[in-house]
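Residues per chain are reported as follows:
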Amino acid sequence: MVDLGTDEIVKYPFLDEAGKYLSDKGFSLEQFGSDPDLKKIVENAFERIITASDGRIFKSDLASNNSALPMEIFSFLIAVILLKLSGMNTLIRRFSLAEARRAEKFLEKDLINQKDVKKSKLSLQILQELFSVTVQKNDEHFTIPIADYLKHAINFHEREWKLINRKVVSGKVHLTSHETVRLVRKELDRHIFNKINSSSSPEMIQGFEPYVQKLRTLAKKFEVKTVESTEFPPCIKHAIEVLEKGENLSHSGRFLLATFLLNKGQTIGQIAPLFKNAPDYNPKVTLYQLKQLSGISGTTKYKCPSCEKVKTQNLCFPVSACDTIINPLQFGRKRV
Amino acid sequence: MNERDVTLLEDTFKKFYFDHFELLHVPENSIQREFGFQKFNGGMNRHISLKSDKELHLLLMQNKPSDVYCSNACYSFPNLPMSEKNWLNADLIFDIDAKDVTKKHQPENTLIKCSDCNEISNLTNSCPNCKSTKLAIITLTSSESIQSTKDEVKKLNQILIDELGVNPESIKIFFSGNEGFHIYVPKSEYQNIGSKERAEIVDYIMFRGVIPETFGIKKFDLNKSLFPKFDDDGWNGRIAKQLYRIKSDRSKVSQEIISGGYTLFQKRLEEFRDKIGIQIDPNVTIDIHRIFRLPGSINSKSGLVKIFVENINKFDPYTDACFIDDEKVDVHANCPISFTLKNTKFGPYNNETISVPKFSAIYMICKGVASST
Chain A
1 MVDLGTDEIV KYPFLDEAGK YLSDKGFSLE QFGSDPDLKK IVENAFERII
51 TASDGRIFKS DLASNNSALP MEIFSFLIAV ILLKLSGMNT LIRRFSLAEA
101 RRAEKFLEKD LINQKDVKKS KLSLQILQEL FSVTVQKNDE HFTIPIADYL
151 KHAINFHERE WKLINRKVVS GKVHLTSHET VRLVRKELDR HIFNKINSSS
201 SPEMIQGFEP YVQKLRTLAK KFEVKTVEST EFPPCIKHAI EVLEKGENLS
251 HSGRFLLATF LLNKGQTIGQ IAPLFKNAPD YNPKVTLYQL KQLSGISGTT
301 KYKCPSCEKV KTQNLCFPVS ACDTIINPLQ FGRKRV
Chain B
1 MNERDVTLLE DTFKKFYFDH FELLHVPENS IQREFGFQKF NGGMNRHISL
51 KSDKELHLLL MQNKPSDVYC SNACYSFPNL PMSEKNWLNA DLIFDIDAKD
101 VTKKHQPENT LIKCSDCNEI SNLTNSCPNC KSTKLAIITL TSSESIQSTK
151 DEVKKLNQIL IDELGVNPES IKIFFSGNEG FHIYVPKSEY QNIGSKERAE
201 IVDYIMFRGV IPETFGIKKF DLNKSLFPKF DDDGWNGRIA KQLYRIKSDR
251 SKVSQEIISG GYTLFQKRLE EFRDKIGIQI DPNVTIDIHR IFRLPGSINS
301 KSGLVKIFVE NINKFDPYTD ACFIDDEKVD VHANCPISFT LKNTKFGPYN
351 NETISVPKFS AIYMICKGVA SST
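Those protein sequence lines, which keep their order, are chains A and B.
37 is the number that the working numbering gives to position 37 of the first sequence; each next residue is one higher, with no gaps.
83 is the number that the working numbering gives to position 83 of the second sequence; each next residue is one higher, with no gaps.
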């Protein structure tokens, strides 16, 4: 793994090197619950979680890390302990994302660091070792092999990340430093989340209870309730209209309609009659296809395609309510 | 298909395979591939594992298949059901078909066969006999459509080399045996990518999902200097050539783009998609569990062979992929337009019994416009 100094661990406290920091420095967790001098670190850790749960990025005070007790390494590690003790998954999710975005800023800075080649090299190494992305630096821009780029870019819904909207030359995608780092945000988030989730849960530590209790209360705020209207999205209405008119609906249109209705809980018996007017209607084939899609015949239950996919198949006829959704199944769903 | 036709086709195909074993090889890593075959009037037999050319040749002799297939994917257990195969990787493959390139059926080489009354006639919207609109399309040889398909293959090749970084040596072009080409890219850096990633490559090649911002056209801030330039790489350069036509018109056209605004430019991009996007069949490239016609085997839709194309410019499928002999055969043909095979023009035939070389008879039977007597 990468050889890191304290200032690097402050920036990337989720790396393996940071994990050993507590024991290497000779601290036990109990000390943080009882020692008044260490209380500041627990406060800081708690603040770090609160900031993350608000969707903000924890602001680094680099000066606080110059002492023998680099505050931000400890506060990250203690925050993880507090989160594990609270057992609240929604807070862990929010914390991972905020920490990923914090690290993203440092990574971006390090990538373009012209003065300190070591820092720039380290950031390239982190991208390679954690996310298997081989990034090459070419003056102002960065290049990534297309296959590496795609493995990450397919997780984005914004069209700007599609390969067609990128500069592509000789098997490489050209990106800015910001885009390079943004590319791995989800994986960085997942990496931190998995790291926290896979760490063992400690017993309750004396002095941590009030923080843990506050976190549990806070997590309740984030419970989301949704209501759903029964109206179909325009792409589904269109597919049904085409069939009702007895016109030919493309294979992808039929796939969209069937998977949508199956995922909404309709039965094969309810869906099959919709296809009766299709010019090439064959009841046996229709039933076979529906059984395949529903997972009754095979092992896979097919998902409803994303809005992005529906768009590229020319089956999307968006209305304003479509602006905030990424899958037709979400149409009409509202938070309360 | 009637029994007599099936027997004639089975015997002819078998003879071809027996005489041309040298054309039929299992691909590299054959032990990890899934093979499949179809018999005339029969269903698909899949999940077959073959270790060697010998086993393949034996399968051809024993089963007299109408079509033979092999997966582009490698699996740990190719002969188990799909969910248990354990997918390892797959060659990147593109399919360019004449029907997608020409977009519109041409009356010179297209017939319709009514699904209700079986009447065969020239291209129209409904059956002249029973007025049914349930029609099957039959396309016959057309050097024009093959030429435009070849041009499309060349454009794809250029993108694969210049933009996707594929080594030109590793691109293998095959005539599909009917009306198109299969372009194989084995052992590339794309070997391990999944279906979603391949879908992105497909969109790139077909110029789909593009946004105006990619060409410097933003909603509120239109800055000429960001617009595509003639000498730009990739789609930027190709779009520049479409937009400005000639280099010196860049300034004038840029001004028009600014006056037209974002939405108009978006519409123009959609027009360009249909015009200069490469017309590959997206589903073929995206599907990583597909079985493809085996190179060297006969395509039962035409009786022509799926064959490796060494020089796309010189390649003539209607001669180079036509391997069946010219022994005279009597058939009853109903083929109201003519076609050309091995540089010989056949037809039109108007419900008549004729004596033609076997390659022509087989072609017509495969196309469903003739029957053996």
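Hints listed in this document are in silico derivations from the structure and should not be mistaken for laboratory results.
If you're wondering where the values come from, they're calculated on a predicted model, not measured in any experiment.
Don't be surprised by glycine CBs; every beta carbon is placed ideally from N, CA and C.
Please note that a few of the clues may not be correct.
Stated by the list, open to error - Derived list of chain B stretches under chain A, where covered just means 3 residues or more per stretch with a C-beta under 8 Å from a C-beta of chain A:
hint, region
1, 188–196
2, 203–210
3, 226–236
To be verified - Capping the alpha-carbon separation at 25 Å, the derived lysine-lysine pairs in DSS-like fashion look like this:
hint, chain 1, residue 1, chain 2, residue 2
4, A, K276, B, K172
5, B, K131, A, K167
6, B, K275, A, K309
7, B, K187, B, K172
If you look at each residue in the region 226–236 of chain B, do at least three have a Cβ nearer than 8 Å to any Cβ of chain A? Holds, because 4 residues of the region 226–236 of chain B bring their Cβ atoms closer than 8 Å to Cβ atoms of chain A.
Just to be careful, I want the Cα atoms of B:K187 and B:K172 compared with a cutoff of 25 Å; is the pair within it? 11 Å, holds
Take the region 203–210 of chain B, compare each residue's beta carbon with every beta carbon of chain A, and decide whether three or more fall closer than 8 Å. Holds, because 6 residues of the region 203–210 of chain B bring their Cβ atoms closer than 8 Å to Cβ atoms of chain A.
Could you grab the alpha-carbon distance between B:K131 and A:K167 and see if it respects the 25 Å cut-off? 52 Å, violated
In terms of beta carbon proximity below 8 Å, does the region 188–196 of chain B have 3 or more residues touching chain A? Holds, because 5 residues of the region 188–196 of chain B bring their Cβ atoms closer than 8 Å to Cβ atoms of chain A.
Pair hint outcome, A:K276 versus B:K172 [Cα-Cα no greater than 25 Å]: Since the Cα atoms of A:K276 and B:K172 sit roughly 43 Å apart, the hinted pair is violated (cutoff 25 Å).
Proposed proximity, A:K309 with B:K275 (alpha carbon, max 25 Å): Holds, at roughly 21 Å.
The structure fails hints 4, 5 (numbered hints given earlier, in ascending order).
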